[in-house]
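Build out the structure end to end from the sequences listed, making use of the hints.
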Amino acid sequence: MSATTTERGRAAGRGGVRGTATSSPARGGGKPQRDRADVKAGYAFLSPWLLGFVLLTAGPMLMSLYLAFTDYNLFRAPQFVGIDNFTALFADPRFLKSAQVTAVYVLVGVPVKLAAALAVALLLNAKHRGQGAYRSMFYAPSLIGASVSVAIVWRAMFIDDGIADQVQQFFGLPAGGWVGDPNMTMPMMILLAVWQFGAPMVIFLAGLKQIPAELHEAAAVDGAGPIRRFVSVTLPMLSPVLFFNLLLETIGAFQVFSSAFIISGGTGGPADSTLFYTFYLYLKGFTEFRMGYASAMAWVLVLVVGIITAVLFRTSRAWVHYTGDVR
Amino acid sequence: MTTATTTAPRTTVSTTTSATATRRKRVRSVVFHVLVIAVAVVILYPGVWMVMSSFKPSGDIVGNVNLWPETWTLDNYASAFAGIGGVSFWTFVLNSLILAVGSVVGIVLSATVSAYAFARISFPGRGVYFAVMIGTMLLPFHVVIIPQYILFNSMGLVNTFLPLLAPKFLATEAFFVFLMVQFLRGLPRELDEAARIDGCGHWGIFRLVLLPLMRPAVITSSIFAFIWSWNDFLGPLLYLKRPDTYPLPIALRLYVDQTSVSDYGAQMAMAVLALVPVLLFFVVFQRYLVDGVATQGLKG
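Residue numbers (my numbering), protein chains in the order written: chain A, 1 to 327; chain B, 1001 to 1300.
Do not take every clue at face value.
Okay, derived cross-link-like pairs now, BS3-like style, lysine-lysine, Cα gap no bigger than 30 angstroms in a straight line [said to hold, decoys possible]:
| id | chain 1 | residue 1 | chain 2 | residue 2 |
| --- | --- | --- | --- | --- |
| 1 | A | LYS209 | B | LYS1025 |
| 2 | A | LYS127 | B | LYS1025 |
| 3 | A | LYS209 | A | LYS127 |
To list a few chain B residues with every Cβ distance to chain A over 12 angstroms, as calculated [said to hold, decoys possible]:
| id | residue |
| --- | --- |
| 4 | SER1018 |
| 5 | THR1071 |
| 6 | TRP1072 |
| 7 | ASP1075 |
| 8 | SER1079 |
| 9 | GLY1085 |
| 10 | GLY1086 |
| 11 | SER1088 |
| 12 | LEU1097 |
| 13 | ILE1098 |
| 14 | VAL1104 |
| 15 | ILE1219 |
| 16 | ASP1244 |
Simulated from the structure, these hints should not be mistaken for laboratory data.
C-beta: ideal position from N, C-alpha, C; glycine also.
What follows is the structure, encoded as structure tokens:
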């Protein structure tokens, strides 16, 4: 979220400038009145978001935190059970499996997807005819990738005797679909994620366009070849965008649900190999109605994502390069 | 170019280099197009295969690598349009439309107004609220689905569209607020001052001056809001349990479960039909969508 941090910094700066520009010279006695009117208008305009935040985000988060320490099934009043849900979680083999499945998906899927996005963005960044059309075409899967339709197609392509199976057999590889093979479901899900490389690619492309051509020219004059220029010019200049993509894709990957649900027919199988974290949370909360347990799972997820976000921000100081006005 | 170098080997250095340069340029262009077309084939194959399969006889879909149907049939579409479990296909379409249009209206109303507060009114606490708003973008939304469900269930709103639409009218999707804040920040502040001198208050500035100028951001947000609602699966899965309230994605899932492996044709036909509006939006508004994504990551 480099972009937002910068934005926030700039907003604060600009707010300060405007504060002096509009309020101090223009008015003498009317100033407090204008300020009070601004406060009123500010809250009035902000009220939809503020109401939504209190009623649908902050309130529910607190409630979920409370429920995490209770036994609750929607029909009987919540029973306070202390940290029992959390100790039960870490003794639950299906929970541990779902955490493992999700970790592999995030650790492998996100880097592969971003590498594909960056490679294609570099390819498209060269000035050639049809660049805009290709950019749109490659973005399309990001728009539909999470839909049920695509999950159905994916399942049909990777099922026994499906297209993947045919290709395998054509090359003399062992026969069998990926959908029913616990060792192959993860590659299948990662392929589905990588197929949607378009959104980060579009963001990379926009970032590449902002790198001044003079930098590349200067490096070339100094004798830097294409690889050296990529490592020493492109990557550092692109690092804020890379950071933004890494953060968004990581958080997104933790939340994958519908495609795994459809492809496994609502079970998370075979052998729990598609039992993603949020999928297990759904099964616990909404099919077994163990809402305290599911709330504990939700808070473990919030903590893990929070820690990862914090670590990313902290380490970003070392590798994200900001130019110009911000730092 | 080749003739220039071969017939006159002793020409000046400059012509030789320009000749090799143009040749290299042409080679590069060929390599570019070969690579890009290879990527395009991989990207497009699943989609094209889906559309073509929907016109193949049901038994001829799985394992048929060929795109072009050997025999064309409309049977799959006939069974898709026949509906499921006594509920008409058009009921699902109507439900999806109500949800999607409701989302668009809710998001446009709430996000434009909230964005105006963030971008144009200075009042104490605004910075904190803005940071909190950005923070909600990083929050896994699964932490709120259980309490929200308990809340809406206690109000007797399960099997209505309200639990799915109310959050949109309360700007809970920070992506849209952020997109509009970014856009508003790009509009000159002199407009506000001019309107103020003409006697406008905040509502006047927003309604008469800035809102008309926000059209591109409103269009981008509307398209995303529509498509995300149209494709949403988890929300309807939680709140809509009666088949006559199902939107298309849930109906599609019911269809897959009921027909199991036997009727791939009808599944494909329904999958295609469910994507038609999304693809139409994409074809018409691709510039807005792609530029919207680019701006979100970059401006600022």
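Hints versus structure:
For a cut-off of 30 angstroms, the pair hint linking LYS209/A to LYS1025/B stands: about 21 angstroms separates their Cα positions. Our distance criterion of 30 angstroms between C-alpha atoms is met by LYS127/A and LYS1025/B, whose separation comes to about 11 angstroms. In summary, the hint linking LYS209/A to LYS127/A is supported, as the alpha carbons are separated by about 11 angstroms, within the 30 angstroms threshold. With a cut of 12 angstroms on Cβ distances, SER1018/B stays outside the contact zone with chain A, its closest approach being about 18 angstroms.
Chain A leaves THR1071/B outside its interface by the beta-carbon criterion, the shortest separation being 19 angstroms against a cut-off of 12 angstroms. Distance check on TRP1072/B: its Cβ is at least 19 angstroms (rounded) from any Cβ of chain A, clearing the 12 angstroms threshold; non-interface status holds. Residue-level check passed: ASP1075/B sits 17 angstroms from the nearest beta carbon of chain A, beyond 12 angstroms. Even its closest Cβ contact with chain A, about 15 angstroms, leaves SER1079/B beyond 12 angstroms, as expected for a residue assigned away from the interface.
Distance check on GLY1085/B: its Cβ is at least 17 angstroms (rounded) from any Cβ of chain A, clearing the 12 angstroms threshold; non-interface status holds. Every Cβ of chain A is farther than 12 angstroms from the Cβ of GLY1086/B; the closest lies at roughly 21 angstroms, confirming the non-interface assignment. With a least CB separation of 19 angstroms from chain A, SER1088/B remains clear of the 12 angstroms interface cut-off, as annotated. At roughly 16 angstroms from the closest C-beta of chain A, the C-beta of LEU1097/B stays outside 12 angstroms, upholding its exclusion from the interface.
Taking the minimum C-beta to C-beta distance to chain A, about 18 angstroms, the non-interface status of ILE1098/B holds against the 12 angstroms cut. Every CB of chain A lies more than 12 angstroms from the CB of VAL1104/B, the least distance being 15 angstroms, so the non-interface label holds. Every CB of chain A is more than 12 angstroms from the CB of ILE1219/B (nearest about 16 angstroms), matching its label as outside the interface. With a least CB separation of 19 angstroms from chain A, ASP1244/B remains clear of the 12 angstroms interface cut-off, as annotated.
When each numbered hint is compared with the structure, no violation occurs for any of them.
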